[in-house]
Amino acid sequence: MNYTALSLSQTPPLSVPLRFFLTAPLFLAAAALLLLINADALTVGRWSPTMLALTHLVTLGFLGMVMVGAIQQLLPVLIGVPLTYPRLTSTLLHLLMAAGILLLVTGMALTSLFLLQLGSALLLPALLGFILLVWYTLWRSPSTHATVGAMALALFALLVLGGIALWVMLQGGWHLPLAHPLTRLHIGWGGLGWIGALLIGVSYQVVPMFQITPEYPLRVRRWLTLLLAGVLLLWSASALFIPSVTWLAEFALAGLVLLFAVQTLWLQQQRKRRLADVTFDFWRLAMGSLILAVVTWLLGQWFNWPQLGLVTGVLFLLGFATSAINGMLYKIVPFLVWLHLNNRVQSSGGWQGSIPNMKQIIPVVATRRQYQLHSAALLLLLLAVGVEIVPVVRIAAGLWLISALYLGWNLLQGMRCYQHYLRQVGQG
Amino acid sequence: MEQILDVSALAAPEPLLRAVDVIKGLPQGDYLRFRHRMKPCRLYDVLKESGLEWETRQGEVVECELFIWHAGDRVAEEAARAAAAKLEPWQD
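Listed in order, the protein sequences are those of chains A and B. Counting with the numbering used here, you get residues 31 to 458 for the letters of the first sequence. Counting with the numbering used here, you get residues 4 to 95 for the letters of the second sequence.
Among the hints, erroneous ones may be present.
Here are the simulated DSBU-like cross-link-like pairs (lysine-lysine), alpha carbons at most 35 angstroms apart as the crow flies [unchecked claim]: (1) B/Lys89 <-> A/Lys389; (2) A/Lys302 <-> A/Lys389; (3) B/Lys27 <-> B/Lys42; (4) B/Lys27 <-> B/Lys89; (5) B/Lys27 <-> A/Lys389; (6) B/Lys51 <-> B/Lys89; (7) B/Lys27 <-> A/Lys302; (8) B/Lys42 <-> A/Lys302; (9) A/Lys302 <-> B/Lys89; (10) B/Lys42 <-> A/Lys389; (11) B/Lys51 <-> A/Lys302; (12) B/Lys89 <-> B/Lys42; (13) B/Lys51 <-> B/Lys27.
Among chain B residues calculated to face chain A with C-beta under 7 angstroms, some are [stated by the list, open to error]: (14) Leu8; (15) Ala12; (16) Asp33; (17) Arg40; (18) Pro43; (19) Cys44; (20) Gly62; (21) Glu66; (22) Gln94; (23) Asp95.
No lab work stands behind these hints, which were simulated from the structure alone. Owing to the predicted nature of the structure, the values given are computational and were not obtained by experimental measurement. We put the beta carbon where it would ideally sit given N, CA and C, even for glycine.
Construct all of the structure, not just a fragment, from the sequences and the given hints.
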């Protein structure tokens with residue numbers, strides 16, 4: 031293959047997204063460790079301090095970290111406008127987020143008012159600054175790309191869910207647990223607005239690009255996130271002012287989520303090359319889990335089994351969001367390593383050796399093993415929630431912990447591969 | 004003259020590499036008809052920096068088609084624009 035220098039003018043330095051991607055699995059491992067130590071937390075219900083800390087380790091620590099890193103990587107490429115001071119911004123943001131999340135979840139787990147306030151004081155300005163910076167960048171760009179619209183909605187949702195969290199905390203004098211009526215809105219905007227919209231937007235890029243499928247249909251790209259935004263607003267308004275009709279908006283939201291999952295599975299069936307691919311499997315697991323999450327949510331509307339809420343939560347957060355992001359990382363990290371490596375080598379006047387291909391940057395066998403661990407952890411965790419037997423929870427948490435650490439290790443191999451080859455060409 | 008490059012069955016980063024390779028050897032008077040299953044966001048930067056111009060269209064055979072020519076190459080531009088005009092403009 032004749033490698034050619036590719037333009038990186040809109041691409042931020044590799045360290046910008048990678049610092050977020052490499053930190054994220056540590057938070058996932060921390061969540062698993064917390065469950066391993068407090069295995070009875072799953073049988074106590076959703077509103078215990080441990081469950082709150084665990085949920086936020088996953089949503090803020092793992093999903094949030096990756097998503098903030100991915101926005102910084104994707105946005106400049108999609109809209110052709112780089113973020114201002116990318117290295118400084120990402121360093122500050124990463125430090126504030128990592129410290130803020132750590133303090134916040136520790137405050138939740140220990141019900142420490144001081145740590146909760148300190149964590150919020152670091153996290154909220156960091157996220158607010160990030161949202162404003164990205165919006166300013168979007169404002170400077172004429173791009174109407176569907177992914178950009180989805181990102182704008184996701185950031186708006188982040189603002190709403192952060193605002194609700196702050197308001198509830200201030201109203202309640204920073205006391206936990208927070209089974210407040212507004213918490214439902216916080217979860218809805220977090221799950222469907224922030225996580226959902228961003229994953230939908232990113233999937234418009236990564237599914238066709240890496241899974242060799244056709245593009246999402248124009249109608250879906252154009253209307254899905256707009257409808258999602260509209261229905262989320264209607265749902266919030268009805269929850270606040272006309273609670274009797276909230277169910278209508280909730281069913282509409284469930285329909286939109288189902289549409290996305292089924293559309294993605296259908297596209298995957300249309301893929302042009304049917305080669306074994308671990309990202310493909312992660313995404314199939316993610317979409318299957320999303321459909322099941324809608325089913326268990328629907329069942330929860332008729333059956334009063336308290337564990338159904340937890341099953342839906344595990345399916346959505348671990349089965350859908352974590353699986354999709356885990357699979358995506360196995361394409362994005364090797365791709366970025368390859369892209370930057372290719373350019374560094376070419377800019378130094380070429381090199382006689384060969385640049386590793388994407389499958390060599392993170393070994394396929396290792397990613398496949400981690401997929402098996404992740405799937406087993408998910409299945410056991412669902413079983414553990416159902417049977418409520420503490421030893422089963424411990425085994426599930428143990429598998430989850432190994433899977434999260436393995437993910438971190440695999441991503442680290444990508445970074446080490448980059449440094450190794452740079453040293454070989456005398457640039458390291 | 005029209006040169007066709009269909010990368011619709013290739014995964015990233017192959018489409019980008021193939022496009023760059025063909026573009027490097029694109030002679031005056033020729034334009035490249037680039038067929039892909041998606042809008043190639045990363046390619047636009049390369050085209051801009053290489054002094055190339057293009058039009059993006061909804062494809063017939065595949066989802067997206069780009070018509071690419073050297074800036075200032077009137078012959079190629081005319082032929083590329085005429086071929087592109089037969090397809091619908093790209094819609095994000």
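For this session: Enumerate the violated hints, using their earlier numbering and listing them in ascending order.
Result: Going through the list in order, the structure violates hints 1, 14, 16, 18, 20 and respects the others.
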